[in-house]
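J.: Given next are the chains, with one letter for each unit.
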Amino acid sequence: QKEVEQNSGPLSVPEGAIASLNCTYSDRGSQSFFWYRQYSGKSPELIMFIYSNGDKEDGRFTAQLNKASQYVSLLIRDSQPSDSATYLCAVMKAGGGNKLTFGTGTQLKVEL
Amino acid sequence: NAGVTQTPKFQVLKTGQSMTLQCAQDMNHNSMYWYRQDPGMGLRLIYYSASEGTTDKGEVPNGYNVSRLNKREFSLRLESAAPSQTSVYFCASRETASGTQYFGPGTRLTVL
Chain A
522 QKEVEQNSGP LSVPEGAIAS LNCTYSDRGS QSFFWYRQYS GKSPELIMFI
572 YSNGDKEDGR FTAQLNKASQ YVSLLIRDSQ PSDSATYLCA VMKAGGGNKL
622 TFGTGTQLKV EL
Chain B
7 NAGVTQTPKF QVLKTGQSMT LQCAQDMNHN SMYWYRQDPG MGLRLIYYSA
57 SEGTTDKGEV PNGYNVSRLN KREFSLRLES AAPSQTSVYF CASRETASGT
107 QYFGPGTRLT VL
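Those protein sequences? They're chains A and B, same order as listed. Residue numbers for the first sequence follow our numbering, so the first one is 522 and each next one is one higher. Residue numbers for the second sequence follow our numbering, so the first one is 7 and each next one is one higher.
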């Protein structure tokens, strides 16, 4: 079992729709959760992070965390073609260099 | 602020050649990381440095060495390059407060 799992996609949504990206993790000691966006040929850039159970909103983005079920999700409202990218989920355990473990990413395509 | 910078952006090596990838950050972060990214494999940690003067192995350290030259700079060395080291290499530094890692633009390395 991979430590962090994501559906590779591609996930296709029409412009203006809600895109839902999911991520599951195996280590219950995980404490911090990050969503990064990566455009083709570019480096990952942070969208948002979440530490506590529940929802965290930032503009069109909402991260949801459920530690009991060991999953974290990212919702993108009013999806735009510019949101087309690969979305990486990353999980951090405290200590040990505070390393991040990344999923392999979900490719999102927003279609006109 | 330039953030995280990496040099070179592209490099082609022959099998057995050596090279050093350079990374620098101007955000006064203590921790720095080197990753490689391969299709279908996601980002994998090669080495990290939790603070100036310390380095530790990550998930895939074989064939690499690192040097934390000072708080700003963290270099990655390939002593004898192999085709299996063809990849995109990213350097990152970590903001202590949030745990967020910020990535450099990457180095695309091809080993023939």
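Quick caveat, the hints were computed from the structure, so don't treat them as lab data. From a predicted model like this one, the values you see are computed outputs, not experimental measurements. Think of the CB as a built atom: it goes at the ideal place given N, C-alpha and C, for glycine as much as any other residue. One or more hints might be untrue.
[What the hints assert, rightly or not] Just the calculated beta-carbon pair ranges, DEER-fashion:
#1 B:GLU101 to A:GLU524: 32 to 42 Å
#2 B:GLU85 to A:ILE539: 26 to 36 Å
#3 A:GLN601 to B:LYS63: 21 to 31 Å
#4 A:GLU524 to B:MET33: 25 to 35 Å
#5 B:ASN36 to A:SER573: 36 to 46 Å
#6 B:GLY46 to A:SER541: 40 to 50 Å
[Claimed, not checked] Here are some chain B residues the structure puts well away from chain A; computed CB gaps all over 12 Å:
#7 LEU19
#8 LEU84
#9 THR102
#10 VAL117
J.: Take the hints in turn and mark each one as holding or not.
T.: Consistency of the hints with the structure:
{"no.": "1", "hint": "B:GLU101 to A:GLU524: 32 to 42 Å", "in the structure": "violated, 22 Å"}
{"no.": "2", "hint": "B:GLU85 to A:ILE539: 26 to 36 Å", "in the structure": "violated, 49 Å"}
{"no.": "3", "hint": "A:GLN601 to B:LYS63: 21 to 31 Å", "in the structure": "violated, 41 Å"}
{"no.": "4", "hint": "A:GLU524 to B:MET33: 25 to 35 Å", "in the structure": "holds, 27 Å"}
{"no.": "5", "hint": "B:ASN36 to A:SER573: 36 to 46 Å", "in the structure": "violated, 25 Å"}
{"no.": "6", "hint": "B:GLY46 to A:SER541: 40 to 50 Å", "in the structure": "violated, 23 Å"}
{"no.": "7", "hint": "LEU19", "in the structure": "holds, 20 Å"}
{"no.": "8", "hint": "LEU84", "in the structure": "holds, 20 Å"}
{"no.": "9", "hint": "THR102", "in the structure": "violated, 9 Å"}
{"no.": "10", "hint": "VAL117", "in the structure": "holds, 19 Å"}
Going down the numbered hints, you'll see the structure goes against 1, 2, 3, 5, 6, 9, while the others check out.
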